[in-house]
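Work from the hints to combine the two standalone chains into their complex.
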Amino acid sequence: MTPDPLNRLVAQLAKLPGIGEKTAQRLAFHILRAPGEYAAELSQAIREVKEKVHLCTRCFSLTDTELCGFCRDSKRDERTLCVVETFADLMALERTREFKGRYHVLHGVLSPLDGVGPEQLRIKELLERLGDGRVEELILATNPDVEGEATALYLTRLLKPMGLRVSRIAQGLPMGGDLEYADQATLAKALSARREL
Amino acid sequence: MRLLSLQVRDFRNLSQVSLAPSEHATIAVGQNGQGKTNLLEALYLLATLKPLRAGRLSELVRWGTQSARVVGRFLLKGAEREIAVEVGGGVRQAFVDGKKAASLEDYFGGVSVVAFTPDDLEVVKGGPDARRTFLDRAVFNRFPAYLKESREYGRALKNRNRLLRAGPVEPAYLEAYDETLARAGARVYVRRRALMAELGPRARATFEAIGRTPEPAAYGYHPAHLGEVDFATADEATLAGALREALATRTRRDGERGFTSVGPHVDDVTVTLGKRSARAYASQGQQRALVLGWKIAEIENLEAALGFLPLLLLDDVSSELDPERNAYLMNYLSASGAQVFLTTTDGSLVRGAAAEDSLWLGVRAGEVTSAGAVLESSSV
Ligand SMILES: Nc1ncnc2c1ncn2[C@@H]1O[C@H](COP(=O)(O)OP(=O)(O)OP(=O)(O)O)[C@@H](O)[C@H]1O
Ligand SMILES: [Mg+2]
Ligand SMILES: [Zn+2]
Chain W
2 MTPDPLNRLV
12 AQLAKLPGIG
22 EKTAQRLAFH
32 ILRAPGEYAA
42 ELSQAIREVK
52 EKVHLCTRCF
62 SLTDTELCGF
72 CRDSKRDERT
82 LCVVETFADL
92 MALERTREFK
102 GRYHVLHGVL
112 SPLDGVGPEQ
122 LRIKELLERL
132 GDGRVEELIL
142 ATNPDVEGEA
152 TALYLTRLLK
162 PMGLRVSRIA
172 QGLPMGGDLE
182 YADQATLAKA
192 LSARREL
Chain V
8 MRLLSLQVRD
18 FRNLSQVSLA
28 PSEHATIAVG
38 QNGQGKTNLL
48 EALYLLATLK
58 PLRAGRLSEL
68 VRWGTQSARV
78 VGRFLLKGAE
88 REIAVEVGGG
98 VRQAFVDGKK
108 AASLEDYFGG
118 VSVVAFTPDD
128 LEVVKGGPDA
138 RRTFLDRAVF
148 NRFPAYLKES
158 REYGRALKNR
168 NRLLRAGPVE
178 PAYLEAYDET
188 LARAGARVYV
198 RRRALMAELG
208 PRARATFEAI
218 GRTPEPAAYG
228 YHPAHLGEVD
238 FATADEATLA
248 GALREALATR
258 TRRDGERGFT
268 SVGPHVDDVT
278 VTLGKRSARA
288 YASQGQQRAL
298 VLGWKIAEIE
308 NLEAALGFLP
318 LLLLDDVSSE
328 LDPERNAYLM
338 NYLSASGAQV
348 FLTTTDGSLV
358 RGAAAEDSLW
368 LGVRAGEVTS
378 AGAVLESSSV
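In order, the protein sequences belong to chains W and V. Anchor point for the first sequence: position 99 equals 100 in my numbering, and the numbering is continuous, going up by one each time. Anchor point for the second sequence: position 38 equals 45 in my numbering, and the numbering is continuous, going up by one each time.
Okay, chain V solo, but in the shape it has when bound (with noise of 0.2 Å):
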C-alpha cells in the first residue's frame, strides 16, 4: 500500500495544499502552530474517516470556508485508487474513485494506518481512558469488524445505563440488557484479548533491543471484576456469561450510581517493568520507551497480518525521546522500508530516519512548500 498523491483543501489552517509524497519518508519541518499535525490530521481522517485529534468534525473545516476535503490516490494491492473526504455541516462523506463509499468497511479493508503523536508517549503514566482508546486504535486496525462491534457494545451499555437510572424496572427488561450487553461485550474482549496475544510478545522483545533498561517489560489486558474465569482460555460464550454474572450481582449498586460498573468500557491494560507497575515506578523515559516498544509491534504486527506495511504517521516524536531511543525509532523507521510521514521542528532531530530519497517539506502559517533545496543539498 502506497499513497502516490495527496490533496488538502481547506483542511485547519491549509487552504491548498499538494504534495507527491516520497516512496519512503515525508519529512514536514516548521515552527510551532503552523500546520504540520494539521497535515498529518488530514492524512489520518482520509485513511480511518476519524478525527486524530478528540473534537467536533466542524473544527476540522478552515475559518470562514464551508466544507474541507482531503483527496489522496493510493496504489492497493496493485490498483491504483483515489480516496476523498468531506467534511462540512457537521458531518463527513468518502469518496471511492468519485463513488460515494457507503459503509467505513469497504474503506477500512484496504488503507491501514498507524499514527504516533506525543500524547500516546504519555500513555503509560495517564489515564485507564486514554490506554483503552489506545489499545482500541490498535484493535480496529488488526480486525475491522471491531469498529462496528464495539459500536453496538457502547450501544448497549448506553441503553443499560439509561435503564438504570430509570430507578427500579421490571427484572426481565433489565435482564433482557445485561444479557445483550455481555454478549456485546464478550465480543470486545476476545478481540482485544486475541490483539494483546499476538502484540504483547513482539512489544516486550522490541522493548528489550531499544534497550538500556535490564529488567523485563510485560504488556497485560484482565478484565477487571470478572470473577473466577480463567481469562486467558475461556471461550466467548462462558466470557458472556462471567460478565452477566458480573452485571447482576452488581445491579443494586449500579442502579443506585446509574453507571454500569464492569465490562470492556471500565477495563485497562497493564504495562509493567520488572513485574511492577511501569506507570507508578517507570522513569519517564522508560515508559516512553514502553510506548515505543508497542508501537514499533504494532507496526510489525499489522505487517504480518496484512502483509504490507501500514502507512506511519508519526508526529513530533523525536523532540519526546532522548537521543539514543530517537535514534532507534529511525533506524527502524528507515530499515523497515515503511512509507512514513514526519513532523518536526528541527530536522536534524528526523535526518536518521531520511535517505536520498526523502520528500522534505517546509510548513508555514498553512502553506506548505518544498523545503528540499534548503534542507537537502543533494535532492531538488
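Excised from the complex, chain W in its bound form (with noise of 0.2 Å):
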C-alpha cells in the first residue's frame, strides 16, 4: 500500500501535458528523496506562480509585475509593436534578440469552430491601446494557418483606416531547415514565392 500522500502527489503530477502514470510514479519518487529543501523549493515556486504572475495591463504578456518588462524597457522602440497569439510565440521571438519594439498578446486566434470570437481576443485592448497615437507600425506575427491568417487579416482591417502601417511576417521555408524535410505544400508556396537574385 502506497500512503495516500504519495498518491495524490502521483495522480497531480500526471494530470501535466506529456506525463503518464510510470513518470508521474517516478517524478514523485524523485521528489520525495530529493536532499535539502527540494520539496518545499518546488512546492513554493508552484505557489508563488500562481499568487504572483499575471498578465500585463498593456501588452498582456506575463509579468510578477504590474507592467512586464517590456513594456517597462525604455530601449524598446514603442513605435513598433509586435502582434502574437500566445506567450509562447513572444519568447519566441524574443529568442532572436532581432526585434526591439513591444509586443501585444492576444492569447488566441479568430476561430468560429472553437467558438473565439473579437471579444474573446485582446483586441480591445489592441484598439485601446493605440489610440495615444505613439504606435506607428504594427507586424502582425500570428501563425500561417487558416486561424491565424483570418486573425491577421481582420486586424489589418481594422488597422489601416486608422493610418498604421501594418506588415505580416513572411512565410516559407525555414532557415537552416533542409529543404528534403519540408512539407511539401510549404515547398510550393516558396517556390511560387521566389525571388530573383
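Bear in mind the hints are in silico, worked out from the structure with no lab data behind them. Any given hint could be a false lead.
Derived BS3-like pairs: lysine-lysine, alpha-carbon spacing no greater than 30 Å straight-line [claimed, not checked]:
hint, chain 1, residue 1, chain 2, residue 2
1, W, 190, V, 155
2, V, 107, W, 16
3, W, 190, V, 57
4, V, 84, V, 132
5, W, 190, V, 84
6, W, 161, W, 190
7, V, 107, W, 23
8, V, 165, W, 190
9, W, 23, V, 106
10, V, 165, W, 161
11, V, 165, W, 125
This is how it looks when you write it as C-alpha cells:
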C-alpha cells in the first residue's frame, strides 16, 4: 500500500501534459528522495507562479509586476508593435534578439469552429492601446495557418483605416532547415513566392 | 516503383496474408464476399494512408481483434523500403523502415497508386460529390501538396459556415474569413485546373482510341458562379479576387442558409460527348468508356510526371465493361508494363492482362492462397 500523500502527488503530476502514470510515479519518488529543501522550494515555486504571475495590463504578456519587462524597458522602440497569438510565440521571437519593439499578446486566434471571436481576444485592448498615437507600425506575427491568417486579415481591416503601417511576417522555408524535410505545401508556397537574385 | 512483398494481418476479413506479387499482373479470383476487395483496400491504405471505401478507420480492423497491420516492401528509386501501417483505436500510424513516419507527405512522395473500382464507372451518371472526389483523388496523386492545401480550404470553409450560422457578425470578421477562404480556394482552383489541362487532352484521345463512338469526348472543370473571370488564363490572385467577390455578393443568401454556396466545394467536372452532357445523354456503355478513358489517361499522365508507372489496383472492373472495352483495358494493362492488382469472380475475364509471370491467387473466406496450379497450367 502506497501512502495517500504519495498517491495524491502522483495523481497531480499525471495531469500534466506529456506525463503518464509511470513518469508521474518516477517524478514523485524523485521529489520524495531529493535532498535538502528541494520539495519545499518546488512547492513554493508552484504556489508563487499562481499567486504572483499575471497578465501585463498593457501588452498581456506575463509579468509579476504591473507592467511587464518589455513594456517598462525604455530602450525598446515603442513605435513598433508586434502582435502574437501566445506568450510562447513572444518568447520564440525574443530568442532571436532581433526585435527591439514592443509586443501585444492576443491570447488566441479568431476561430468560429472553436467559438473564439474578437471579444474573446485582447483586440479591444489593442485598439485602446493604439489610441495614444505612439505606435506607427504593426507587425502581425500570427501563425501561417487558416485561423492565424484570418486573424491577421481581420486586424489589417481594423488597423489600416487608422493610418498605421501594417505588415505580416513572411512565410516559407525555415532557414537552416533542409529542403528535404519541408512539407510539400510549404515548399510549393516557397516556390511560388520565389524572388529574383 | 515496385511492390516486392505484402503482409496483411487482421485487416477486415483477412487474418493473415503473405505474398510476393508479380512484377506485372497479380490476379485475385474468388466468389462474392470472400475478401478480394479487402486485399486491394489493404494495399491502397498502405500506399496512401487513406481508406479506399468511405467510412471509419475502425471498420478496417478484423472483428474481435484490436489492430490491423499492413506491411509492404517496395523498391523505390533503386532502394528497398519497408512501409507499414497499423490501424487501431480509431487511429492509424505509418512506419517507414520501422521508424514512425511523421508526416504523410514524406510518404506520398515515393509511392503512387491509382485505384479503379466499379463505383468509378458510375461517376459520370452519379452526383457531383462523387465526381469531385474522383477529380481530387487524381489531383492528390499528381500534386502531393494538394493534400494539405485542400485540407486548409476545408478548414476555412467550416469556419466560414460556422460564422454564417452564428447570425450577423461584424462585417470585418466575415470579410477576414472570406479572404482566407478565397485565397485557399484559389489554390484549389489552380491545382484542379493544372490537372485538367494535363489530363483532359489525354483522356479525350484515349476515349477515341477505345473506339465505337464517333462523337468526340471532352472533359472539363469550370468553377461555378465565379463571374466574368477567364478561368483558363487568370492567375491565382485574380481567381482569389473573383471568389472573394462572389462570396461577398452571396453573403445574405448564404447567411440565410448557413452554407457557403460558391467555391471549389460546389464545383463539378463536366464530361461531354459530342458537346452534349454525357450524364444526361450518353449510354451506360459510353459513360463507362468515358471513365475508362479518364483512368488510363491518369495512369499515363502520372507516368509522364513521375517518371515511373504508378501501382494499379483494379477491383472487379471487367465484369462491368462490355467485352470489347474490357479487351481494350486488358491489352492496355499488359502492354503498359505496370504492376497491377486485379480482382475478379471470373478469371477468364482478365486473361488478357495475364502473362507467364502473372501471380494467380484464390481468395476464400479471408484466406488467400496461390492458385497457380488451378488456373495457370504452365506455372507454379
Ligand atoms: N472488419 C471486418 N472484420 C471481419 N470481416 C469483415 C470486416 N469488414 C468486412 N468484412 C467481411 O469481408 C467480406 C467482404 O469482403 P470483400 O468486400 O473483399 O468481398 P469481395 O471478395 O470483394 O466480394 P465481391 O465479389 O462481392 O466484391 C464480407 O463478408 C464482410 O463481412
Ligand atoms: Mg469486391
Ligand atoms: Zn507588457
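Hint check results:
As the CA atoms of residue 190 (chain W) and residue 155 (chain V) are separated by approximately 12 Å, the hinted pair is consistent with the 30 Å bound. Taken as a hint, the residue 107 (chain V) and residue 16 (chain W) pair is honoured in the structure, with Cα atoms around 26 Å apart against an allowance of 30 Å. For the hint linking residue 190 (chain W) to residue 57 (chain V), the alpha-carbon distance of about 24 Å falls within 30 Å, and the restraint holds. For the given pair, residue 84 (chain V) sits about 39 Å from residue 132 (chain V) by alpha-carbon distance, which is inconsistent with the 30 Å threshold.
This hinted pair checks out: residue 190 (chain W) and residue 84 (chain V) have alpha carbons roughly 26 Å apart, not beyond 30 Å. The straight-line distance between the Cα atoms of residue 161 (chain W) and residue 190 (chain W) is roughly 26 Å, inside the 30 Å bound, and the hint therefore holds. Restraint check for residue 107 (chain V) and residue 23 (chain W): satisfied, since their Cα atoms lie roughly 23 Å apart, inside the 30 Å limit. With a C-alpha separation of about 23 Å, the suggested pair residue 165 (chain V) and residue 190 (chain W) falls inside the 30 Å cut-off, and the hint holds.
Our distance criterion of 30 Å between C-alpha atoms is met by residue 23 (chain W) and residue 106 (chain V), whose separation comes to about 24 Å. The hinted pair formed by residue 165 (chain V) and residue 161 (chain W) meets the criterion: a straight-line CA distance of about 27 Å does not exceed 30 Å. For the hint pairing residue 165 (chain V) with residue 125 (chain W), the CA-to-CA distance comes to about 26 Å; that is within 30 Å, so the pair holds.
In this structure, only the earlier hint numbered 4 is contradicted, and the remaining ones agree with it.
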